[in-house]
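Under our numbering, the first residue of the sequence shown is numbered 1, with each subsequent residue one higher.
Some hints could be false.
[Said to hold, decoys possible] Distance condition first, Cα-Cα at most 20 Å in a straight line; then the derived SDA-like pairs of lysine to any residue:
1. Lys235 to Tyr194
2. Lys224 to Asp245
3. Lys137 to Glu103
4. Lys240 to Lys137
Note that these hints are calculated values from the structure, not bench results.
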Amino acid sequence: MLENKNPRISVVMPNYNAEKYIAEAIESILNQSFSDFEFIIIDDGSSDKSWKIIQEYTKKDKRIVAIKNEKNLKICKTLNKGIELARGEYIARMDSDDISHPERLEKQVKFLDKNLEVGIVGANIDMIDEDGKVYSKRKYHFNDSEIRKYIFRYSPFCHPVVMIRKSILEKSRNYDPDLVYAEDYDLYFRIGMYSKFANLNESLIKYRMFENNSTTKKLKQMEKCTLFIRKKAEKKYGYKMTLLDRIYYYLQCISMFIIPRKLKIWLFNLLRNS
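Produce the complete structure using the sequences and hints provided.
What follows is the structure, given as structure tokens:
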């Protein structure tokens, strides 16, 4: 009898109404240089044709595990569902409108295999518009001490390019289903209680960001959640803000009410990349 061997990686990708981009996202995972993975795609009650596209790919590649939620569960419950189904040692996040670089999984697996103290690894990103054109690049701090130094000022990782040890996710209790936004930021604080952080100092994903996607449309709600999570990290998770962190925190509180959204996004990207 053949042994039912678990894959090294479980790629977890939620989807909601991304018919325009999902085929390219799926192709970018299926064409990875590292092939020992399962690809868990969970459709969260889409009303467009994206579920049909997912089903077509399921017929072509046995590594795909396709699931459709009977009702819209939102991001946290959908991600937790994928994690519970995952059989891999590592969980790789992916979004249905982004594009992973061909060697993304291979490079992240090699890094985690060599650095056992690291529980989560991300990477830099190429930011693309609605048409897939690269308009900016974003770099992240790549060692644990630098990541922790700035964790109260901005998220230390780009969510759809992280790879996490499943054992660390289980210790961290996965995503908080009570959070509507910034669920990844909250998770990072909890992961940091059990392991070290790291980012690879190279771009491994094309991250789609444009005027009408959820990241820009829900900016004020995301800011409120982010500020709440920072307070929770200090009170509940044992992190401590520096004086500069606290100044930054209160400036962001004020900025929610006086700075226009487009200017705020521009300022964030300027400060983030400086």
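Hints versus structure:
no.	hint	result
1	Lys235 to Tyr194	holds (17 Å)
2	Lys224 to Asp245	holds (16 Å)
3	Lys137 to Glu103	holds (18 Å)
4	Lys240 to Lys137	violated (30 Å)
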